[in-house]
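Colleague: Sequence:
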Amino acid sequence: MIVGTAGHIDHGKTALVKALTGVDADRLKEEKARGITIDLGYAYSDLGDGRQLGFVDVPGHERFVHNMLAGATGIDAALLVVSAAEGIKPQTVEHLQILDLLGLDRGIVALTKSDLVNDDQLLERMAEVETLLSTTSLRGAEIVPVSAVTGQGVEELKEKLLILGESGKGAAGFARLAVDRCFVLSGAGVVVTGTVHAGEIKVDDRLLLTPSGIEARVRSLHAQNRPAEIGRAGERCALNLSGPRLSKDAIRRGDWVVSPELHAPADRIDVRLSLLASEAQPLKHWSPVHVHLGSAHVMGRVALLEGERLQPGDSGLAQIVLEEKVGVLAGDRVILRDPSATRTMAGATTIDPFGPPRNRRAERRLAELAALVEPDADVMPQLLRLESGFVDLARFGLSRNLRPAEVEKLLEAAGGQRLEGFGFLAETLEASKKDIVETLKTFHETKADAPGLQAERLRVTLKRRWPAPVFKALLDQAIRAKTVVVDGAFLRLPSHSLKLGSRDEALWQKILADMTRDRFKPPRVRDFAETYDAPEADTRRLLQRLAKLGRVVEVAPDHYFLRPVVAEMIGIANGFGKEFTAAEFRDKLDNGRKVAIQILEFFDRHGITIRRGDLRRAVPLKSGQYGPPPTA
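If you count the sequence shown from 1, position 549 lands on 549 in UniProt numbering, and the numbers rise without skipping.
Treat the hints with caution; some may be incorrect.
[As the list claims (entries may be wrong)] Restricting the straight-line Cα-Cα distance to at most 30 Å, the calculated cross-link-like pairs of lysine-lysine (DSSO-like) are:
(1) Lys482 - Lys588
(2) Lys472 - Lys433
(3) Lys510 - Lys447
(4) Lys433 - Lys463
(5) Lys409 - Lys441
(6) Lys325 - Lys248
(7) Lys594 - Lys578
(8) Lys472 - Lys548
(9) Lys548 - Lys409
(10) Lys510 - Lys482
(11) Lys510 - Lys434
(12) Lys472 - Lys482
(13) Lys521 - Lys578
(14) Lys409 - Lys472
(15) Lys433 - Lys482
(16) Lys89 - Lys160
(17) Lys588 - Lys510
(18) Lys463 - Lys548
(19) Lys447 - Lys409
(20) Lys202 - Lys248
(21) Lys521 - Lys482
(22) Lys433 - Lys521
(23) Lys588 - Lys441
(24) Lys409 - Lys89
(25) Lys548 - Lys578
(26) Lys588 - Lys521
[Unchecked claim] Cβ-Cβ distance ranges computed for the label pairs, FRET-style:
(27) Ser278 - Ala127: 16 to 24 Å
(28) Ser278 - Glu412: 21 to 29 Å
(29) Ser495 - Glu456: 19 to 27 Å
(30) Asp46 - Glu323: 42 to 50 Å
(31) Arg611 - Ala547: 18 to 26 Å
It is worth saying that the hints were derived from the structure and are not from the lab.
By construction, the Cβ of each residue, glycine as well, lies at the ideal position given by its N, Cα and C atoms.
Using the sequences provided together with the hints, build the complete structure.
Modeller: As structure tokens, this is what we get:
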């Protein structure tokens, strides 16, 4: 378990940690000279059974609250330090506000310097502290009078800290460690330290730095100040990292070291935000704020989702828009400070780390956020029944640091079914299938002479407008079930067949015979019109329509080739097996230089061939490209 100190400057936090552990947590030369804690300090106490109790000693000066926050977000329990001689001071209050906003409900109050006051003064201080705690998450916390000078109460305090129990951080998910320090160790290289928030980190693990995406391998590690092969959630670890792009300058406080599965930096996080009751003014929409998340400190703005103002003491949904990307997951706590960084204003709990840039206030989105607030066991059934009708399983698992098997269990427990990475209820899948079929049926009835609908047109015509990736999954299922047929660029019902009018069909049969006979040099539109005494415009419209159906291909303006012939000509180009000239291609087709050039230019435009000067080489044909014509 990691215990973090909190309290006003010069109330004896560092001295108390030293009394508990024997370690002076002030490590900087300036800290020694000035006698105050400036940055985070660390110390460990042996529990005697192989375990270590870790301490994060934070600065108490108001100028260094940002450093205090970098350490506070990784702790499991709080040790609130109040001087019995001085009592409650401004940073006592602010640090307690931060602990409350972080949701820390395990902690003890150490009433330091108790040797400097009499019993009546001590009782008065204890009553003051109890009143202060009464409206916070630490209400009811034990208060232990101590003196780092005389040793009074130190052993009792240590025993009570041990009773607080083990870390509550989850070990089931993928690994993530919040970096609060980075340095170079002679003979070892780059070392980062921080608290493991989830999962396990092992020697030789290959991890990523978030948000940079730099790869790193764990050469060795220390867990709770001891050499180890594995670091677990709730432990402070020092990781000796190596990697081709890794350097001390490439890592900063606020980065995360994560399993590759968790590398998804974000800059829009949807949260449930609580504004402190002590604030003098409401929080306005789009207010600038200092954002503290994990050990990161970035600037951002608050976009309120349920109004233009949030009153002091109230809470509401909001989106925090960050100026730079950070590592964040659902459940992560956020602390907001005012634009001048002089006071703590609010706290928030992350609901969705991947907030949308548009429609963030839409009723549909607010309903989704209301469902996402629920615990893992309850959220899936609610999401599946929302208007959206589906759950992106990979995104859901990533946002909550759940392994795929855990997501599948939640989906199964909710009565859902997986379809190409998305979760649906059975009734939703059945309704979508019916919607697709009925939409196509209506279209066929109103436009019997049309081949069908293109995929995007079908998507936007359905009763429920699915996102494109979800629609593709549903459509692929319908195609596999043969309830929908792919006909070239169109989708149709199996029962629908396109028939040309008698005049067009007669003309097409004549044109088809000519195009088959002179397959590498078919006549042009005007030639067909003159030969068969048909209006040129009507002949052109017929061939354009047949091109949409995938039966012919317009290689050059008004010059159409049968689709199988185009595939045959591509095969000839590929058959050279080397670079070839236009003349060589013309000789293979025996169709004249002009037509051969037109065909090759068509190939160039569509990436079938690549030209370099007078030479060309064929590119392997994509699956299905210019294959056999679709059936009518």
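Colleague: For each hint, tell me whether it holds in the structure or not.
Modeller: Quick rundown of the hints versus the structure:
1. Lys482 - Lys588: 41 Å, violated
2. Lys472 - Lys433: 12 Å, holds
3. Lys510 - Lys447: Measuring from Cα to Cα gives roughly 26 Å; hence the hint holds.
4. Lys433 - Lys463: 11 Å, holds
5. Lys409 - Lys441: 38 Å, violated
6. Lys325 - Lys248: Measuring from Cα to Cα gives roughly 20 Å; hence the hint holds.
7. Lys594 - Lys578: 22 Å, holds
8. Lys472 - Lys548: Holds, at roughly 21 Å.
9. Lys548 - Lys409: 46 Å, violated
10. Lys510 - Lys482: 33 Å, violated
11. Lys510 - Lys434: 41 Å, violated
12. Lys472 - Lys482: 15 Å, holds
13. Lys521 - Lys578: 24 Å, holds
14. Lys409 - Lys472: Given pair Lys409, Lys472 holds - Cα atoms ~25 Å apart, limit 30 Å.
15. Lys433 - Lys482: 11 Å, holds
16. Lys89 - Lys160: At roughly 25 Å apart (the allowed maximum being 30 Å), Lys160 and Lys89 satisfy the hint.
17. Lys588 - Lys510: Holds - the C-alpha atoms of Lys510 and Lys588 are around 26 Å apart, at most 30 Å.
18. Lys463 - Lys548: Given that 30 Å is the threshold and the Cα spacing comes to 26 Å, the pair holds.
19. Lys447 - Lys409: 46 Å, violated
20. Lys202 - Lys248: 21 Å, holds
21. Lys521 - Lys482: Not OK: Lys521 and Lys482 at ~38 Å, beyond 30 Å, violated.
22. Lys433 - Lys521: 45 Å, violated
23. Lys588 - Lys441: 47 Å, violated
24. Lys409 - Lys89: With Cα atoms ~50 Å apart, Lys409 and Lys89 exceed 30 Å; violated.
25. Lys548 - Lys578: 33 Å, violated
26. Lys588 - Lys521: The hint holds at about 12 Å.
27. Ser278 - Ala127: 16 to 24 Å: Since the Cβ atoms of Ser278 and Ala127 sit about 21 Å apart, the hinted range of 16 to 24 Å holds.
28. Ser278 - Glu412: 21 to 29 Å: 47 Å, violated
29. Ser495 - Glu456: 19 to 27 Å: At 23 Å between Cβs, range holds.
30. Asp46 - Glu323: 42 to 50 Å: Given range 42 to 50 Å: holds, Cβ gap about 43 Å.
31. Arg611 - Ala547: 18 to 26 Å: Holds, at about 25 Å.
Checked against the numbered hints given earlier, this structure breaks hints 1, 5, 9, 10, 11, 19, 21, 22, 23, 24, 25 and 28; the rest are met.
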